[in-house]
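Number of protein chains: 2
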Amino acid sequence: MSTKPYKGFSPDWFTERAPEKSYRSIYKWGDPNAYKIPRERLYTLVKEIFEMTDEDFKERRELGLEEVDIEVPVALAQKHIDALKAIVGEENYALDTYSRLQVAYGQTMYDLMRLRKKIVENLPDIVLYPTDKEQIEKIVEYCSNNEIPLYVYGGGSSVTRGAECFKNGVSLNLQKNFNKVIEVNDVNHTVTVQSGIMGPALEKLLNNAKEEYGTRYNYTCGHFPQSFEYSSVGGWVVTRGAGQNSTYYGKIEDIVLCQEYATPIGNISTDRTPRSACGPSMDHIMMGSEGTFGVLTHVTLRLFKYNPKNHLKFSFMFKNWDDARTAVRECMQGEFGFPSIFRLSDQEETQMMMRMYGISGTPLDAMLKVRGYKDYEKCLLLGFTDGERGYCKNVLKNVKKICKKYGGMSLTGIVTTSWEHGRFSDPYMRDNMQDFGVVIDTLECAVNWDNMEKVHQEVREYCHSRPKTIVISHISHMYPQGANLYFIFITPMDDIEEFKVYHRGILDVIQHSGAAISHHHGIGKLFAPWIEGYIGTNAMGALKALKNYFDPKGVMNPGGTMGLDLPEEEKVFTNGKK
Amino acid sequence: MSTKPYKGFSPDWFTERAPEKSYRSIYKWGDPNAYKIPRERLYTLVKEIFEMTDEDFKERRELGLEEVDIEVPVALAQKHIDALKAIVGEENYALDTYSRLQVAYGQTMYDLMRLRKKIVENLPDIVLYPTDKEQIEKIVEYCSNNEIPLYVYGGGSSVTRGAECFKNGVSLNLQKNFNKVIEVNDVNHTVTVQSGIMGPALEKLLNNAKEEYGTRYNYTCGHFPQSFEYSSVGGWVVTRGAGQNSTYYGKIEDIVLCQEYATPIGNISTDRTPRSACGPSMDHIMMGSEGTFGVLTHVTLRLFKYNPKNHLKFSFMFKNWDDARTAVRECMQGEFGFPSIFRLSDQEETQMMMRMYGISGTPLDAMLKVRGYKDYEKCLLLGFTDGERGYCKNVLKNVKKICKKYGGMSLTGIVTTSWEHGRFSDPYMRDNMQDFGVVIDTLECAVNWDNMEKVHQEVREYCHSRPKTIVISHISHMYPQGANLYFIFITPMDDIEEFKVYHRGILDVIQHSGAAISHHHGIGKLFAPWIEGYIGTNAMGALKALKNYFDPKGVMNPGGTMGLDLPEEEKVFTNGKK
Numbered sequence: 001m002s003t004k005p006y007k008g009f010s011p012d013w014f015t016e017r018a019p020e021k022s023y024r025s026i027y028k029w030g031d032p033n034a035y036k037i038p039r040e041r042l043y044t045l046v047k048e049i050f051e052m053t054d055e056d057f058k059e060r061r062e063l064g065l066e067e068v069d070i071e072v073p074v075a076l077a078q079k080h081i082d083a084l085k086a087i088v089g090e091e092n093y094a095l096d097t098y099s100r101l102q103v104a105y106g107q108t109m110y111d112l113m114r115l116r117k118k119i120v121e122n123l124p125d126i127v128l129y130p131t132d133k134e135q136i137e138k139i140v141e142y143c144s145n146n147e148i149p150l151y152v153y154g155g156g157s158s159v160t161r162g163a164e165c166f167k168n169g170v171s172l173n174l175q176k177n178f179n180k181v182i183e184v185n186d187v188n189h190t191v192t193v194q195s196g197i198m199g200p201a202l203e204k205l206l207n208n209a210k211e212e213y214g215t216r217y218n219y220t221c222g223h224f225p226q227s228f229e230y231s232s233v234g235g236w237v238v239t240r241g242a243g244q245n246s247t248y249y250g251k252i253e254d255i256v257l258c259q260e261y262a263t264p265i266g267n268i269s270t271d272r273t274p275r276s277a278c279g280p281s282m283d284h285i286m287m288g289s290e291g292t293f294g295v296l297t298h299v300t301l302r303l304f305k306y307n308p309k310n311h312l313k314f315s316f317m318f319k320n321w322d323d324a325r326t327a328v329r330e331c332m333q334g335e336f337g338f339p340s341i342f343r344l345s346d347q348e349e350t351q352m353m354m355r356m357y358g359i360s361g362t363p364l365d366a367m368l369k370v371r372g373y374k375d376y377e378k379c380l381l382l383g384f385t386d387g388e389r390g391y392c393k394n395v396l397k398n399v400k401k402i403c404k405k406y407g408g409m410s411l412t413g414i415v416t417t418s419w420e421h422g423r424f425s426d427p428y429m430r431d432n433m434q435d436f437g438v439v440i441d442t443l444e445c446a447v448n449w450d451n452m453e454k455v456h457q458e459v460r461e462y463c464h465s466r467p468k469t470i471v472i473s474h475i476s477h478m479y480p481q482g483a484n485l486y487f488i489f490i491t492p493m494d495d496i497e498e499f500k501v502y503h504r505g506i507l508d509v510i511q512h513s514g515a516a517i518s519h520h521h522g523i524g525k526l527f528a529p530w531i532e533g534y535i536g537t538n539a540m541g542a543l544k545a546l547k548n549y550f551d552p553k554g555v556m557n558p559g560g561t562m563g564l565d566l567p568e569e570e571k572v573f574t575n576g577k578k
Numbered sequence: 001m002s003t004k005p006y007k008g009f010s011p012d013w014f015t016e017r018a019p020e021k022s023y024r025s026i027y028k029w030g031d032p033n034a035y036k037i038p039r040e041r042l043y044t045l046v047k048e049i050f051e052m053t054d055e056d057f058k059e060r061r062e063l064g065l066e067e068v069d070i071e072v073p074v075a076l077a078q079k080h081i082d083a084l085k086a087i088v089g090e091e092n093y094a095l096d097t098y099s100r101l102q103v104a105y106g107q108t109m110y111d112l113m114r115l116r117k118k119i120v121e122n123l124p125d126i127v128l129y130p131t132d133k134e135q136i137e138k139i140v141e142y143c144s145n146n147e148i149p150l151y152v153y154g155g156g157s158s159v160t161r162g163a164e165c166f167k168n169g170v171s172l173n174l175q176k177n178f179n180k181v182i183e184v185n186d187v188n189h190t191v192t193v194q195s196g197i198m199g200p201a202l203e204k205l206l207n208n209a210k211e212e213y214g215t216r217y218n219y220t221c222g223h224f225p226q227s228f229e230y231s232s233v234g235g236w237v238v239t240r241g242a243g244q245n246s247t248y249y250g251k252i253e254d255i256v257l258c259q260e261y262a263t264p265i266g267n268i269s270t271d272r273t274p275r276s277a278c279g280p281s282m283d284h285i286m287m288g289s290e291g292t293f294g295v296l297t298h299v300t301l302r303l304f305k306y307n308p309k310n311h312l313k314f315s316f317m318f319k320n321w322d323d324a325r326t327a328v329r330e331c332m333q334g335e336f337g338f339p340s341i342f343r344l345s346d347q348e349e350t351q352m353m354m355r356m357y358g359i360s361g362t363p364l365d366a367m368l369k370v371r372g373y374k375d376y377e378k379c380l381l382l383g384f385t386d387g388e389r390g391y392c393k394n395v396l397k398n399v400k401k402i403c404k405k406y407g408g409m410s411l412t413g414i415v416t417t418s419w420e421h422g423r424f425s426d427p428y429m430r431d432n433m434q435d436f437g438v439v440i441d442t443l444e445c446a447v448n449w450d451n452m453e454k455v456h457q458e459v460r461e462y463c464h465s466r467p468k469t470i471v472i473s474h475i476s477h478m479y480p481q482g483a484n485l486y487f488i489f490i491t492p493m494d495d496i497e498e499f500k501v502y503h504r505g506i507l508d509v510i511q512h513s514g515a516a517i518s519h520h521h522g523i524g525k526l527f528a529p530w531i532e533g534y535i536g537t538n539a540m541g542a543l544k545a546l547k548n549y550f551d552p553k554g555v556m557n558p559g560g561t562m563g564l565d566l567p568e569e570e571k572v573f574t575n576g577k578k
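Top line first, the protein sequences correspond to chains A and B. If you read the first sequence in the working numbering, its first letter stands for residue 1, the second for the next number, and so on. If you read the second sequence in the working numbering, its first letter stands for residue 1, the second for the next number, and so on.
Please keep in mind that the hints were generated in silico from the structure rather than gathered at the bench. These numbers come from a predicted model, not from an experiment. Accuracy of the hints is not assured; some may be wrong.
Repeated chains share a single entry, so a pair holds when one copy, or any two copies, can fit it.
[As the list claims (entries may be wrong)] In silico DSS-like cross-links for lysine-lysine, where the CA-CA straight-line distance does not exceed 30 Å: (1) 138 with 544; (2) 401 with 313; (3) 309 with 400; (4) 305 with 400; (5) 309 with 401; (6) 393 with 404; (7) 47 with 401; (8) 305 with 319; (9) 305 with 393; (10) 397 with 313; (11) 404 with 58; (12) 305 with 397; (13) 397 with 309; (14) 47 with 58; (15) 319 with 401; (16) 47 with 21; (17) 167 with 138; (18) 571 with 544; (19) 454 with 210; (20) 210 with 397.
So that you can see chain A by itself, here it is in the shape it has in the complex (with noise of 0.2 Å):
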């Protein structure tokens, strides 16, 4: 990723893999050996927004390049460990300190502050590593037979605290023997795996499926989190998960066919059949219940033909955010198709866009002034499609149409080779801005068109009124009916009361405008006082119901996933609806 030295002042950009052990090692982002520094231009921008100078990035701070070397004491007894380790077979357990921190943590901007000041907390008594579904099995059996609280680690990229073991007990890190294909059906366009391997892993083995596995058609799974490198299966379908691309492939929820399940109270196997009409859909029941009924152990995805020839890409920019957006909603509800990625811009991301994609004075940029888009005020639309040829055509000819009668300006496809480009880099650039105390951080939330412009003007509001604050916010993941609201806040900012004083206005103000409190990042710890607020108090107890049933004994991911044990003075109620 991009190295190349700035023309002025360069600041000391930590560009070394993370000591072997160390803090830094556990929560940096993704592969140990990739960085991203912000180009120059960016770098000039945050120092201007900032009111930053080139002295504020002489000194980094927090690195976390310190060895874990504390001890935190194994609580569980001896017996458990025992029988625990029989289950699994001696190499496929671990009790240090390191990799016991390891799996607690994910990616929240909480969990980054913690480890950077080294506040070691909530981790589990012992890591296992199991190798098969009936491992699993037994071990889900053996804790809640013996109240043991259980975990569970599939690619570490939680950003809600979700596998973060506040009750200490067991942690199963299913990445790292829990990850083969069980299945490639060529007949029904499915594969089934084990739900600890990792999006690259299968996405490979997908798209060489011909060759692999003997298929008519090489395949894709269709789903590219932002996370994409970093997360596992199973915490796509347990967290309700989206990829970029769900315009054309539809949430997680749409790309799974049909589950299994260890719970406390035995297996769950879920309806291999498209559709059904045989009661309530126990695959709606399961997905989204964030470990806290049982274990995801197999999941059947439906498959797509790999067609990457077929991305036709295209990029708009519009005057006016009020036209970009009924522009995108036009096209949704053209029922032409969908594009696969659909990612509009609001004003404040596009003035930020221009300038790192650095067209920000370029005679490009020229011509778009005297033509009317004004800075501040623009707002850029860009994306794909995916399908079969015609399909794509189609869908492109018809948004070309709908963005120009809203006054949208073709740029072509360059724009969207730029964002592709970062598409799975830029988190690596939160590591480096944090070095020097600035955060950048991410909410999200679900839309309706109607109730779009209210959400983002107050979310925007709340986030302005911290002095020196970037807001970003764009459209993604869209449908006839809603999307997705995607913001991105930078600060510089390294208390972490301050952040989490932050963090919980915005959940506060998404929730008080009507959105709902997350579109695809899931519940965990860290959402879980807003849910009864937005589900409602009769809701929560339908799935206290479930829990209850699933897991009598409350092991299962305990300490407050999904306001399921929360205490009642945790609950956040905003919009009424109890």
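Assemble the complex: chain A is given as a structure, and chain B must be docked to it using the hints.
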């Protein structure tokens, strides 16, 4: 509908309006003034296959023209009747046997046989006709508090004994007064209705939405079950129904955006955003609950633009079932979009249709034979498209290409037009045939592509084990991963017990073959013994936990519905998935 006299002997088909208050007026399908007599071709075919003669069609039997004059006593205490009357008002209740019988029976063959034989059982004590949501909420609360069984009647076309009042008590007839459109949302493309609104009333308003509501477009809800004319929106939702155009529009669970229920523990109002990640889906918990958790009051459906001119019709003849099945599967997996109607008849149904549509014996038929499309081997595919024009064209282009590849010969759109004519009127024929002792009944199931032929063969084999029986089937409601398999059997039969044994046998075979026992008819009380065997005992426990939460007194649609309160000995386990 058809009234042309035959060239040969013409049976004395019953074509009059059923007498007021008669048994026939209850069981008769649809419009009181409409009927459909088989064409002479079909009449000849029926005689040929069933080895019947004109003699057998000289005397009609068990027409049920007599008035329902028995008095079934009202067992509900007067204080409860008074309290319920006070909720709905003096005009909005009924205690007479006829009104009570009307809401208790649906359209299963078992219902028809009972009414023809004047078997009256399982009536509610009182029928209420609520006018708004608040009344329904009060009734649910009152019934739960006083442990009075509560049933709901919508359109009356249940084929699962769904609304039958096994425990007597109260039945809400929602069709009469609870049938208004609450809101058409032109921004989100949604409509919110009271659940008792009937399909055609809603569709008519939507098709004229520009005029009726001042919207930008005229709309359609895209949901057209064969029972369209006599089914309510609420019925579609709580049973997880499907329309004939579902291959494009989706099943009702794909069309529903959000819902509101009155349950004994209070109201449930689901998330109105198109997708979210806030735990298990409450929508999918409530859809398919068939009145056992609560009463669906308001429901919001996604809308589509009304573009009937974009119906591009097609039909193809294939040489055999294997090629035809492969072709439609490849279409569904082609990622070029989906046709709206997409219906593949098997060998026997094709043979029947060729005769019904008068193709047998024509030059077209002769040409088919010359080209190798043989009787009892060839299979007919028909359909049309929906959506934006370019999308429709691209779908048709790809369907044509794939069909050609598998030996499909285009028969143009004429065959589809013939099918369309009978689309909603064919059910009328059932009563006229049964007047002469010939039973026409249907069963359907959900299958994956890789299991389809097994299911098809095993069910047909069982059905044919009864002599003189026609069994025709088709694949409709298709998906990339599988489809609905629909069976129609026609056989001379008038003994109820004989019918029950035969019907039960078909269900056993469906379940044993690995199919889901319903794709869109639902479970009700008729299919209830099989559900636990299909979804498994652990999943069944989850549904029972929900039931117990929402309806602790067990007053909502009690008497076996969905297997929730079914005695152990009535359960059927054929696939070992306990």
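Status of residue 210 relative to residue 454 across identical chains (alpha carbons, at most 30 Å): between (49 Å within a copy, 27 Å between copies)
Given a CA cutoff of 30 Å, do residue 571 and residue 544 count as a within-copy pair, a between-copy pair, both, or neither? For residue 571 and residue 544, the Cα distance is within 30 Å both inside one copy (15 Å) and across copies (28 Å).
Alpha-carbon proximity between residue 309 and residue 400, which holds within one copy, between copies, both or neither at 30 Å: both (19 Å within a copy, 23 Å between copies)
Cα distance capped at 30 Å. Does residue 47 pair with residue 58 within a copy, between copies, both, or neither? within (13 Å within a copy, 96 Å between copies)
For residue 305 vs residue 319, is the C-alpha pair at or below 30 Å within one copy, between two copies, both, or neither? between (37 Å within a copy, 28 Å between copies)
Can you tell me if residue 309 and residue 401 fall within 30 Å by alpha carbon in one copy, between copies, both or neither? For residue 309 and residue 401, both the intra-copy (23 Å) and inter-copy (21 Å) Cα distances are at most 30 Å.
With 30 Å as the alpha-carbon cut-off, assign the pair residue 393 and residue 404 to within, between, both or neither. both (16 Å within a copy, 23 Å between copies)
Between copies, within a copy, both or neither: which fits residue 167 and residue 138 at Cα up to 30 Å? within (20 Å within a copy, 43 Å between copies)
Checking an output row: residue 47 and residue 21, CA cutoff 30 Å. Within, between, both or neither? neither (33 Å within a copy, 84 Å between copies)
Alpha-carbon proximity between residue 401 and residue 313, which holds within one copy, between copies, both or neither at 30 Å: Classified as both; 15 Å inside a copy, 27 Å across copies.
Is it within, between, both, or neither for residue 319 and residue 401, if the alpha carbons may be no more than 30 Å apart? within (16 Å within a copy, 43 Å between copies)
Between copies, within a copy, both or neither: which fits residue 397 and residue 309 at Cα up to 30 Å? Cα proximity of residue 397 and residue 309: in one copy and across copies (17 Å, 20 Å).
When each numbered hint is compared with the structure, violations occur for hints 7, 11, 16.
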